[in-house]
Structures are given as C-alpha cells and as structure tokens.
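2 protein chains.
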Amino acid sequence: MTSPGATGQATEWLAGLDRALAGSDIAAALALFGDECYWRDLVAFTWNVKTLEGRDEIAAMLRGVLLSVCPAGWRLDGEAVEHDGVVEAWLQFETAAGRGCGHLRLKSGRCWTLLTTLRELKGHEEQAGETRPKGVEHGVHPGRRSWQEERSARQAALGSTEQPYCLIVGGGQGGIALAARLKRLDVPALVVERHPRAGDSWRARYKSLCLHDPVWYDHLPYLPFPDHWPVFTPKDKMGDWLESYTRIMELDYWGGTECRSARYDDGAGEWVVEVLREGRPVTLRPRQLVLATGMSGMPEVPAFAGAERFRGEQMHSSAYRSGEAYRGKQCVVVGSNNSAHDICADLFENGATVTMLQRSSTLVARSETLMTVGWGKLFSESALRAGITTERADLTLASLPFKVMAQLQKPVYEQVARMDAPFYEGLRKAGFLLDFGEDGTGLSLKYMRRGSGYYIDVGASALIADGSIRLRSPVTVASIGERSVTLDDGSELPADLIVYATGYGSMSGWAARLISPQVAEQVGLCWGLGSGTAKDPGPWEGELRNMWKPTAHPGLWFHGGNLQQSRSFSLYLALQIKARQAGLATPVYGLGPVHHAG
Amino acid sequence: MTSPGATGQATEWLAGLDRALAGSDIAAALALFGDECYWRDLVAFTWNVKTLEGRDEIAAMLRGVLLSVCPAGWRLDGEAVEHDGVVEAWLQFETAAGRGCGHLRLKSGRCWTLLTTLRELKGHEEQAGETRPKGVEHGVHPGRRSWQEERSARQAALGSTEQPYCLIVGGGQGGIALAARLKRLDVPALVVERHPRAGDSWRARYKSLCLHDPVWYDHLPYLPFPDHWPVFTPKDKMGDWLESYTRIMELDYWGGTECRSARYDDGAGEWVVEVLREGRPVTLRPRQLVLATGMSGMPEVPAFAGAERFRGEQMHSSAYRSGEAYRGKQCVVVGSNNSAHDICADLFENGATVTMLQRSSTLVARSETLMTVGWGKLFSESALRAGITTERADLTLASLPFKVMAQLQKPVYEQVARMDAPFYEGLRKAGFLLDFGEDGTGLSLKYMRRGSGYYIDVGASALIADGSIRLRSPVTVASIGERSVTLDDGSELPADLIVYATGYGSMSGWAARLISPQVAEQVGLCWGLGSGTAKDPGPWEGELRNMWKPTAHPGLWFHGGNLQQSRSFSLYLALQIKARQAGLATPVYGLGPVHHAG
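As you go down the protein sequences, you meet chains A and B in turn. Letter 480 of the first sequence, counting from 1, is numbered 480 in the numbering used here, and no numbers are missing. Letter 554 of the second sequence, counting from 1, is numbered 554 in the numbering used here, and no numbers are missing.
Hints were generated in silico from the structure; no laboratory data involved. One should not assume that every hint holds.
[As the list claims (entries may be wrong)] With beta-carbon atoms standing in for the labels, derived distance ranges:
id, chain 1, residue 1, chain 2, residue 2, range
1, A, H83, B, P411, 53 to 61 Å
2, B, E149, A, E308, 33 to 41 Å
3, B, A268, A, G387, 46 to 54 Å
4, A, S68, B, S382, 32 to 40 Å
5, B, V140, A, E521, 44 to 52 Å
6, B, Q92, A, T161, 58 to 66 Å
7, B, P537, A, G387, 49 to 57 Å
8, A, E308, B, D186, 48 to 56 Å
9, A, V272, B, S322, 38 to 46 Å
10, B, W540, A, G143, 27 to 35 Å
Using N, Cα and C, we set each Cβ at its ideal position, and we do this for glycine too.
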C-alpha cells in the first residue's frame, strides 16, 4: 500500500500548500483542492471545531485566519499510502500558537479531505516523558512540604481560598477525561458530581449493563486499560476504573455535590455557581463552565394518559436495576433502543413475561458484525498489530468529514445487510421495524445526528425473533390503566411493571435548568449535525452543534458523548480552555449560527 | 552496532545449540561455550533460579534436565549486535512445558553468557490481548451473575468456603506484583497485610521519603505509570498507586490482617495459617505460602547499654515520621545508610541539631550520576527511545550473571569516582568513610550481597560535607544516658532524640517467627550471593539465596526486593506456582548446595 509515488505526490502537495500559505496566496492554495473538498479543523486554524466544505468556505476561512495563525513547518509524518486511487498521508505543522498534526487525502493530485488538529500550545506543553516533574527537590529546603501535604493543601484551598479556573459539572467519563487533560495542562479545574463516588453514574445503571463499545474504543487519556481488560467492560468495573483513574490522575473531584444554579457575572467575566457539597452550600466562581452532564442527562418520560392511575411499578429506564423482582410478572417496556433491549432481555432471563413496544423503526447491528466491518479496522488487536495506536485511530476517525463518512458508510451497511440477512429476516418476521438510518448511512451517523434510534445486538434480537420477548410494533401507548397498558391499536396489555426506555433530553436542557431558559435559548441545540433527518433538524452544520467548541455564551462549553469522544475531544476542549487561561489570543472563526428545534 | 556478521554468527551458534540439544549431544553443546562461560536459567530449564558457571556445571545441568525439558525451536529475535568484540543477540525457544526467551553473548564465536527464561506455560497462557475475556456473555443466560456479583461472591468465598491455592504474607509491592501475576494466571491467591490499606507500608514511612529509584525502574507489571509520573515517586503517591493497582487488578487482598502463625501439614501437603482479620481469627489452608514481608521486614535495634534509662525519645528509623517536632532539639542518628541520611536531612531542615554516627564505611553515589552511568542506560526516556522497553531492560539486567556484573561494574565505579571527585573529597574531609564495596564493584552488587551499606545521594551528603549534619566516624555507641549518648571514643553527645537507622533482619527471621526456628534453620539464609564479603558469607551461590525459587521446605517461598525485582521476578515465581497448581512435573535442578532438601 505504501508507494514512493504516493509519498512523492503528498510531499509535493504539502510543499505547494506550505508555499501558498506562507505567501498568503489564497488562490494558489485553493488550486490545490479538488472540486469536492473538505478541510476539517480542530482548533488549530479556527479556534473552533469546524469543517469547511468546498473551496469557497476554505477561501473564506483562510482569508479570516491566515495572518494570525501563521502556519508553517508542514511535513509528512511517515510514508503516504495509496488505495483505490486515493493517496493518504499523515502530516505535521505548526502555527503561531502551537503544534499540530493532520491527515490528507488526495484524489488525482488534488485535496479531497484535509484534517488539521492542534496537539499542544507552545510554551504550555504537557510535562511528560523527558519533561516530567522530578517528584522530589533534591537538596535542602527548610519548610518543604511533602507531596501529601501539597495535595491536601490544594484540596483544602480549591473552591474556598482559590477558585477553579474551570468548573466541570458532571463527573462521568466526559468530565473525568477533561479534568485529566486540564490537570496535565496545569489548569486549576474542579469536577462536581451529584453521585458520591466517581464511577457511580455507571454503577447506578441496570445490573446487566456492559459497555456496548469494545475496549479498544474506550481507553481514557494517558492511562490505557491493561491488556487483559475485557472486551465489553461490565458497568461496575467501569465505575471502579473511573474511580481509580480519578485518584491516580489527582483530579479535584467533589462527589456528593449537586450543582444548583449558575449565572454569568458579565462584569467580572466569571460564573457564579451555587453547589451543595454534601449538603453544605458553596459558591464557586470559575471563568469557564463546562456542562459534562452526559448525553444521557435528563430522563424523558412521555406524558401518557392515566399514568398516575397505574398501581404497578413504573419507572424510566435510568431507574431500572434488575429483573430479579419480576419473576412471573407482566412487564411492558416502552422503546426499542439499547436500554430497552437490555432491559427486556434481563427481565426475560429473570422469568418475567415481557413485551417491547416499538414506536418507530430502529437500527439494529450485531456487535460481532460491527467488530468486523466497523470499529475493528481502527479499534482492535489487529489494528494495534498494524500500528494503529489509539491516537492514530482517533485521528483517522476525525479525518472523515461527516459528509464523507456518510458516503463511506452506506456501502458498509449494504454489506451488513447481506452478511446478516437471516438475522434481519428473523427480526422482520417477528414484526420488528428496521432501518439503517433514513438514508442508509448506518449507526455512526445516526448516533451523531440524534444519539438514539439504535440497538447494538448482544443477544436480545434473537429473543425478539423467537418470541421470547413479545413485540408490538409499530405502536404507541394510548393510555394506562390500573394494571394495564392500552395501545393505540386498541389492544390492552396486562402490566405489573412499565419501563419507559424513552431516552433523554438534549444537553441544552441542562443549560436551561442550571443557568436559565434564556441562556439555553441563546446557545440553542446541542448535538446533531443539521442533517434534516428525524430529530436532527437543519440547516446543515457539518459538526456536532455546540460540542467541544465555543458557544454563543462566553465561558460556556458542552462536553459529552461516548468514551471515544470523551477521550478524543477532551484534548481539543482542554487546549481551548488552556489558551484562554494563559491569556493567548483565541479569535474564533465561524461561530455557528444558533439553531433551535423544529 | 547491528551487523550482518554478528547476526550470522549468532544464528550459526544458535543452530549449533539447537542441533546439539535436539540430539542430546552434550559434548557438542559444550564445545559451543568458551572457557569462561555462564548459563543463567530462570525456571525454563531448571525449574529454579540458577547460574551455571563453566562447562562442567553446564554439562551437569544438561545431563540432569535435557530429557525432560526437550528444548526446541531456537531462533533469533531481531538482529544481533556487536560491541567491543562481543556479539549480543536476543533469542526465543520452547520447552516441553512452555515458551521462553533469552539472550546470548558470544566472544570469538563461543558463548560467554547465555540467559534462558520461561515466559509462559503451554496451555496456561495469560488471557490478554487477542485472548482477553469478553466481559459479557452475549445471548440468554437465565440466572446470570453480573461482574459485581461474581466478584462479591468470590471475595466472600475465598478463605472461608474456598481456600486460596497460594497465600502471600505481606502486601507491599512484592506481594501485590506477585498477586497480579497469579491473577492473570488464574491461580487463586490471597494477600494478607497487617496495615489496613494497600500502600500503607509506604504511607507509614517518614514524611520526606521519595523512592530513590527512578520511575522507569519502578513500573509494576501490566499497568505502567502514566508518562507524567514523577521521576522519584513520593511515598504517599506510591501508596495510593499500589491501592488503585490492587483494585484495578482485582486482587484478593485482606488489609488489617495479621499473620500469627503457619505450620505445614505434611499429610495434607498444605499449610495451616492462622491469621487475625480485623481482629477475627481465620484459619487458611493454602498449598503454597509466600513470605513477601519485605527486605525491610523486622527492624533491628542493637542492644546498647543504658538504653532503658534514656529520658528522651528513641525509635527505630521505621518508626520515624517527621522532624517537625524537633526544632532546636539535639538529635542523634545511628547509622549512615539511605534512611539515616534522609532522616538527618529532614531533622536539619526542621531546625534540629543533628549528629550522624557512622559505624563503618558506606557506599555513596549521587542520584544524578547513577542516572548517567547506571540505570539510565536501561531505565530512562532515552532508553525507551532506543527501543529498550521495560521488559527488555529487565531481561538485559537478568542476562548478566553476578560474576560478570561484578567485572563490569568495577570500571563504572572507577568512572564514578573520577566524575564526582570533588563530591567525594568533600565527604572525606568531613571524616565520612567511603567505599564502593570491598572489591570496588559498586551499588548493585552491594545491594545483592547484603541489601545495605549505601546511600543514594539526593542532597544529604552536601549537608555532611558542610557540617550542617554533624558527623562522628567511625564510632559506635558505648552507652546511653538519661539525656546523652556516649560513644566508644569516650565522648558524650547530648540527645533529646535517638533514631536507630540500624537496618532490618533477614527475611528468614520472618520464617522463624511465623513458622518455626526449625523451618528457618532448614531453609537457611535469604538474600546474598555467598560472595564472602561482609554480611554475605560464602560459599558462593551465584544467585540470591532462597529468593523466588524452591527452598528446602516444600511450599515455602520468599519474594521481595525493590520494585524492579518485584516486577521482574514475580513472573518467575508465579510461573513456578502456576505449574504446581496445574499439576505439571516441576523437577527442580540444583536446589542450593548449602540447603538440604527434606
């Protein structure tokens, strides 16, 4: 796959870009890009997370940033490769503010996709490897404090005599990964989390939960799982890992702390955040506020008529723990995504009679199949053997603009449909409504567009196919009685338990609740690409709205997503926050227009 | 350094060895070895830790083991290198029982040193990477237990309804590293430790303590420190790391558990061990008992006349915490090794008047110098950049038989003396008695011979040179008065505090205390090479006595040493224990001649 021709082409292209940018010759730069072209920039050029689509957008961006960014030192990192007429190469460069790396795809000698990412800020590099701290000051230092004394003093000061520069609300994997990045960048940061212990947000979920993503995808920054770690981490083990990680990384983490409210003090340029720390009110004044409250933040339960009359148990899926108490009971699960499937399977395994209510079509993909055709190419033992480190895998993912990803994923799901035809046939026969996304672009795109609407099959689909889990589809709940659920087709199901696996609200709901509806309105929707598909209204933005990048409100940031995103994007968010703490100029290019639902 | 000639030589030599061993032609094998030659075997050939010195010992070993070991599949691992006429190569091989790797040094085409080490047992490989567990059983499994339930059930069963196959007494880095290895090998093991929490054996030491070995030397197996970890880990941070590690590796670890006694039940072939677990008596019946009570196990305090009269404070160095209480006080520290120096410096920094009593000459080496001429070649960032992984570094260390190490270390310490001449001159002028070992072979050898007699300078030597720490040398304590210490030169020192930095007893002292003086007598001394130098009586054994290998008592093992040893040798000890648990034949070759098998 590597070929001198490919490396030559990439080298020549990069030299051309270097010349054009160094000479501020935007026309010459544009001539290097093909008719279909994308430049995805993660903070390096735009101080933003931004995909420029087409030469016009690229030209506008370059006109806006070139003089301040001063890109230079472009060079290939390793040999280029060629595959199906596309030359691919890794590259490095620097800017006035920092050092970056990126990725290039050429078609017929012109750029199809370019990725530029900021890796570190000059003068604010992480102290690691050769530059790690010594840990002890050799020599004589009267009054020296031990590590433990320093650590205790810092913990006592933070939030009382010293304010965190950055406050992270939410101590799941997102908040923890970001806090670790900020720690390494020497930014005083504090995580507040309502659960008592780090990891509790996983521990509190239903008993049978294991991560649906494989281990290679799930590493946190800096401290990878050891190599005996199971492929699919059980939730309590994940909780314990997060707790140990928090301690090992010396994060400042307040468990048992509820964030009550936050308001922005315009004059001071800081937030005034009221928290209850183990019941005691504390006021914090951070400059930066990150909501890392999770995509699975606030549970959403539809208002079904008669729910208040129900005499059995009813709960949102987030409150479900285990099926043990429901042997012989009649259980109805509303919804057909990951949690709904896991909960139905758990109830069935525990001897309940369980019915799933599918309200609309669902993307189902077998876990094994995804390992083969999806993740596996980047996140697996064989990827590691091929030299694809976790960082390389993250960057490879990042190198695909979402429009390109959609193009590439369609044939993958056509292949999935062929590979697993009998599997899908079984589900269809049972009445299950399937999709691969409205446009057939599959799981990743559906996840980016709406964060819901799918199940990664780890066994429940077979139970649906053979009738062990009863299925009603497509239906919705018309009303609820004392011991029954009436569906919109008029039929009535007896019910001792109703589980609402009906999903979660948008992250901006947290902004509304913690800050104000006005601020939530000001920043608009979070997540979603603007694809104009269900639950992802347009216009097209081409990046996740408001995630890991400046919002329309100063000092307000959103962070979240799965473990891969928490790991990968925490870097870009941390660098943006570090730059502000260090007082660097951070002119944001292309702050997105604000979008609202509908 | 790599050269086709070297690789050719090594390949040819290895093919010759393969032919000779496959044909049981011991004479042909011996012809491949030079006049000065060593074969160091770690468990692969001998089920022992053994250095065979010279052709006769090698011949005897081969005659004893060849038919059962069946070595085969010898091949080079990478290219050979040549340096000063010595060809060096890494190699791999297998035996009837397992797979191994090793290292070869040729002089003029014949073997000077050969290392063979067992890496894994066939059919009992660690489940990692490609073979890691899935973590979840996909599909339907009524009554399935979650990871947390399995873990809790196992913890409840171990030591009550289920006996650990291996009991490890002592939960410092040694016990923890071994337990982690056994966990990966699926051997039910339990660690009992008198301190409440894992890591407390570090936390309980004096406040200013940091590891004297650099971080690259100190990794535990499987989970290396992240790359921002300080060079010299502060003791509380080390304690926290060990605690997190214990949890992450899911070790069965009973803190707050005192081992009261152990006796061997010959009939049952198991130990009967009485422990007090948080005050509650529990009887354990393991097949294998590992004493990992540490080289710094039982404090030794010489019986000085009049000590009982002393009205100030007196304590062994292991009980010393901090100098804060001794501002303006008169303090006497007996001893001149690592702890004595650290404690003197700490007292001085805290404003005490402190006198060190040096009883005999001490090896002092500057930490920076050791990084340059010692550790640094194997354990450092530059070593890592040169491709020397931690495992490679451990194997490189292991590849040096102790006689060869002594030869190689002498010129190193001649260089150290030259490099740091003004430093040593300053100490000498202050009256400090210096040595580099009786035969000038330096720190590592002194450590292997007696585990004492040295200071790795991190600043205290300058305080001695400039008189900040007062020095009396060579002296010993003649008697102790109510508020003074009288020395053997007749002089008297006022004293509010006396710290006995007088070292620790041999590990076999633990065997005497926990098991019986008879068993301690039966197994004999632990540690030491038999060099015939001070505190290391002969005859020459060429390996550390009784460490990580079968002893003269069935099912009794000793494990300990610094972090490098704990990491490196825990593998060989774990494989020996696994082999026994799996019921493999483990014929031990060459059980130490000074001990007699029962």
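How the hints compare with the structure:
Checked against the hint of 53 to 61 Å, the pair H83/A and P411/B passes, with Cβ atoms roughly 55 Å apart. Against the hinted window of 33 to 41 Å, the Cβ-Cβ separation of E149/B and E308/A comes to about 35 Å, which satisfies the hint. A C-beta distance of roughly 53 Å is found between A268/B and G387/A, which places it inside the suggested range of 46 to 54 Å. The hinted range of 32 to 40 Å is satisfied by S68/A and S382/B, whose Cβ atoms lie roughly 37 Å apart.
Between V140/B and E521/A the CB atoms are about 47 Å apart, so this pair conforms to the stated range of 44 to 52 Å. A hinted range of 58 to 66 Å for the beta carbons of Q92/B and T161/A is consistent with their spacing of about 59 Å. A C-beta distance of roughly 53 Å is found between P537/B and G387/A, which places it inside the suggested range of 49 to 57 Å. At roughly 53 Å, the beta-carbon separation of E308/A and D186/B lies within the given 48 to 56 Å, and the hint holds.
Under the hint 38 to 46 Å, the C-beta atoms of V272/A and S322/B, about 40 Å apart, fit the expected range. A hinted range of 27 to 35 Å for the beta carbons of W540/B and G143/A is inconsistent with their spacing of about 50 Å.
The structure fails to meet hint 10 from the earlier list, while all remaining hints are met.
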